[in-house]
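Q: Protein chains in written order, with this note's numbering: chain A, 1 to 477; chain B, 478 to 868; chain C, 869 to 1226.
Be careful, since some hints might not be right.
Stated by the list, open to error - In silico lysine to any residue, SDA-like type, Cα no more than 25 Å apart, as pairs:
| hint | chain 1 | residue 1 | chain 2 | residue 2 |
| --- | --- | --- | --- | --- |
| 1 | B | Lys-849 | C | Lys-902 |
| 2 | A | Lys-220 | C | Asn-870 |
| 3 | A | Lys-88 | A | Glu-103 |
| 4 | B | Lys-526 | B | Glu-624 |
| 5 | A | Lys-220 | B | Glu-607 |
| 6 | A | Lys-473 | C | Arg-875 |
| 7 | C | Lys-999 | B | Glu-607 |
| 8 | B | Lys-766 | B | Ser-707 |
| 9 | A | Lys-16 | A | Lys-81 |
| 10 | A | Lys-114 | A | Ala-173 |
| 11 | C | Lys-871 | C | Ala-1121 |
| 12 | A | Lys-309 | B | Glu-607 |
| 13 | A | Lys-114 | A | Glu-187 |
| 14 | C | Lys-871 | A | Gln-396 |
| 15 | B | Lys-490 | A | Gln-396 |
| 16 | A | Lys-309 | B | Val-553 |
| 17 | B | Lys-650 | C | Phe-1120 |
| 18 | B | Lys-718 | B | Val-553 |
| 19 | A | Lys-169 | A | Glu-22 |
| 20 | B | Lys-650 | C | Ile-1123 |
Keep in mind the hints are simulated off the structure, nothing from the lab.
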Amino acid sequence: MKNVTNDLPKTVEALKKLLPAEDILTFEFLTEKGLTFTVVFADPITDKELLGEQVVRALRRFDGPPTAEEVGKHIASPEMKREKSLEKLAAEVLAGNPVLLWEGMDEGVVAGTKKVFTRAISEPSTDVAVKGPREGFIEDVKTNTSLVRRRFKTGELRIEMVEVGRRSKTFVAVCYLEGTSKAEAVEEVKRKLGEIEIDIVPDASYLTHFLSSRPYSLVKQVGTTEKPDIFCAKIAEGRVGLIVDGSPIALTVPYLLIEDFQSSEDYFVPPYRATFTRLLRLFALIVAIYLPAFYVAGQLFKLQLFPVKLLLTIAGSIRDIPFSPSLEMLLVLLVLEVLNEASIRMPKYVGMALSVVGALVLGETAVSAGFVSTPAIIIIAFSGIGLYAVPNLIEQTSVLRLAMLLVAGSVGTYGIILVTGFVLFYLVTTENFGTPLLAPFSPMIGRDLRDSVFKYNLGSLPTRPRTLKSPNKRRLK
Amino acid sequence: MKFRNFIKTVPMKLYILLAIIVLFAFFSNDFGLVDIQKTAIILAAAIDKTENGYSLTAQIAVPKGSDRTTGGTSSVEIEAEGATVSDCVTRIYSKTGWVPKFVFCNLILLGEDAAEEDVMRSLNYFLRNEYMPDSCLLAVSEGKAGEMLSSQSALDDASSLAITKLFSDAAVKSGKVLPTTLREFSIGCFGVSESSHLPFIRSATQKGEQSGAGGSGGGNTGEEEQKIYSAEETAIFSRGKMVALLPREQTFAYSLLLGKVFSGTFTAKDGEEPVTLTVLENKGGVSLKFEPAPVVKLSLNLLVRLCCRGTSAPIDDVVSDHVPDNVLENAESVLSGYISDLFATVKQSGSDLFFLKRTLYRSSLKKYALWKDSFLPSLRADITAEVKTKK
Amino acid sequence: MNKISSRQLYFFLACVAPVGKLVYLPSLLVSSAKNDLLFPAALQYLVQAGAIFCVLLLAKRGMNFFELLENTFGRIAASILIGIFSLFLFYSALLPLLEQKLFVQSAFYDTLPSLVAFSPFFLFAVYLCAKPLSSMGRVWDIIAPLAIAGYIGIMLLSVGTADFGALRPVGAAGGSGFWKGTMSAMSWFFDAALLLPLLGKFQYKKGMAAKGALAYLLGGAAVIFFLATFYGIFAELSQNQLFAFTKTSKYFAGITVLGRIDYLFIFTLALVMAFYCALPIQAGIDCIVQAAGPKKYLRPALGIVLCALYFALTDLLDYRFTEVVRAISGTVVWIFPVFCLLVPVLCLLLRRRRREIS
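For reference, chain A alone in the conformation it holds in the complex (with noise of 0.2 Å):
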């Protein structure tokens, strides 16, 4: 049986062999006139309460004929669908959303009074912001979505919803702007997403893989955020937003590595300020990437690189060192990442002890004993520190500074250079949803540089960025 029939037991009957789980209800009542209705629901994603006072307690006098459109009129609830398909109608079950079903139907009625469990819409802890908007994404995608909607009090902006996973049947919520967001790339984005073939979505992670041109790439190709204001801000330049149900992460596309270098926070400062704060972003990454590398190259390969006195200072410092420049260094990078590791997944209570540990017992002990040099603890605690300046690309530095680290104690600095240039020619190659990731350096885009690393003013910039081929092209008239 695929479809529901007016025999109300075979009908239930039916729809209990699709959901045999023990956490499928069902329960009945009687109209007063004597019409009995099963109610068929899970128990622990259904909001009871709304069902009674929306659903049964509407339905009591209900006196109408028993079809569908009836039945529907008499309920409360604004979510209210009606539905024949057998197999749809225990998807809203699982979905959280009440069916119910009477002797003499026609259709099924689809309650809507799923229970929603959120929480607070609160400031996100990885994207915190001085001065701008505080709201970050929660869970939910129908909260995440009111929020994007709020920002945008016009029709142009098209929220689809898109299920994606064979058992979560997760939604996600396609954003964009009409006439403002190339239609290629919203058709790429909903084919891409049509062909996941994939059995559950537990985050939004989960679907970059399959957004991306390169899958095993180095870097990200999806950019991510967990504010409104910067989703919408992305939306508006010509972006395509996905909002994952369950998840607190945006996902935005196409994406440009520069993005991670801008900052919310820099539209709420003077120009110069922001220009400053980027450079000084740029400037941190580089070093954190580098200044291990060439530590290591310097004592190794090319004394050079330090003024004498600095050499004299490193040379008395790993005197008594017994691991070899490169050996040292590695070990203090290990150190660094576990101890990083561990902060980020232990409890609050005890992230206290580890500090002391880490900072006390690892740093100052393993110097006073002769394991490790002081510069080399210097060293990495700025690089540890640099690393932070663009926190969104920590997965990628992070390895690409170990990366950097083993070339520079194997071949010394002209690997270093070699790889830099690998890097390079790895990244103004990748493309995603025909946009190049380096854009707008390259190819370069003289007009989207003035906000990349450095930063116009706002009546500086009257286009959206050219880069990302907005059909709508002036945001400023």
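Fit chains B and C to the supplied structure of chain A, relying on the hints for placement.
A: For chains B and C alone, kept in the frame of chain A given last:
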């Protein structure tokens, strides 16, 4: 199908292989590698002539331990002899077990004996060496250079540091020192003038208690002979050999002719009393003319102010830095005398310190071909010194 | 990514191509032309700019190099001709590679390193060779500003030391010195030949040929200014300064305090040079691919074979650099004008209209 699958996985396999090679290289870390722990960082070198060749004294920086609480540089001097400088370097390596690296060598001292023969014989090692910076300073030392480099400075941790401080920018502006780098010296020697100059270092003994921190060769305490150094004289070279020594006045005059002096002082006379003047503006010029005999015009144009009188003076005089006319006249004659002596010394030595051949070569190839061998011996000097005071 | 933009091409001609002329060429020019080193270089630039003008005019026809040849000579003859041309490109890559190797040994190490130190370059080259030549356009977008920054940095630190009077008297080397200098420099000027495989990968725009030649001359002006500064600093010692651009900046007064900050600029230029040195190999492979048609593994396979060969050659010729230079820039130097000047001019005579191929 199998082959296609194999081909598909080739890039990944290559990347893994590459990673293994890099890791192997990283952990084995030895492809004839000379890292910081195997290196002797040479701060300065001294070259002396010996019976069988050369003696090279290298001042090697000795890093202090990580527990050090005081600043400074410790150093140790290692000496080796050989037929060539390269031989000496090799012997230093075999003596110490550390690979001598000259990348930080900032001073090469030549002993008097070495300077009196063709110095390019000893310096060509450094010119050929890709890993030797030719920006290092070059100087001639009184007596044995090795002894001077090994001596204990009264003012600094290492003698080389004390000597290089003599060549600071401020010292150059005083006009008392004419530092020369290996590159500048070599350009002079290999150029058409085949002449150059180097500062001549003398040391004077000063008895004193040595402090515990630093010090050449370790931290000895007790009474030790300490040296202070001066570089006011200048050795001039022709065809690579030291041919004369300019005393301090002539060094100053040469600096003035080169226009390098600012705030340098010299002493003239007001009657019988000495008066020291400070140079505020220094325009110097050396030009060559053929009238038809070759004449070198050595001209000075100075703006000076009064710096100090050798007698007590009333307060009205102290607040004024105006130089009286009679002092200016005397200053002109003093400077003319210096320049005249300088010219005489240079002419007598056969050196082309004023690079007149080069000037002639650059101005006209024809004239150069005509005069290059004959004009220096018959050269006459036309000296003018004009000294003005601040209005 | 399939097309190179005109801007990217100008960037290559003005900023990337000159970097290859800053290493060994200056001292080589001094050894024959002495203080007149600027004139052979200037002549080479003028002649090469003319050849580049011709190559860029060819772009009007909208065909790649192989199609141009095929259109006139037919497929088989065109395949042979392009094969010969790619052999020339592989040959022209040898000198920059050897030069680069010695430069790396000198600038990146304090003591003579082992032979493996330069071998990673060949891995890098294989990676570049495996990718289409047109992707270099975007690389030029990135490395051209780096080349400018590196050049300006080095010049700022160097110019103050130079005594430009050392360049006088003009004509000291005489006609023979000038001629010798011109001939010996020839093997460093093959940029027009590098552009031929790029045909079809960029679209001709109005005035492109003139702008391209002008961009090349602009790069030439930068090289000539560097040569003047180089000779101004080293004068009689110039001949001995083998890796010119690593040497000129170390006399800057601030270096004694800050350490070798000039290495920042030297390393930047070294990065640009790594791309430049691999370009003739990439271009040669591209010629073969044009003739053979797009075959998936042809580029990486050729890249691996060629780079292995170059690795062996650079190893073999390690201490024979001077002899190699003497041979390439002496006895058989005529190869360069034939392929870099004559071929571009002769290509203008090829059939203009596209022939119908049945």
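Q: Of the numbered hints stated previously, which ones are contradicted by the structure, given in increasing order?
A: 5, 7, 8, 11, 13, 14, 18
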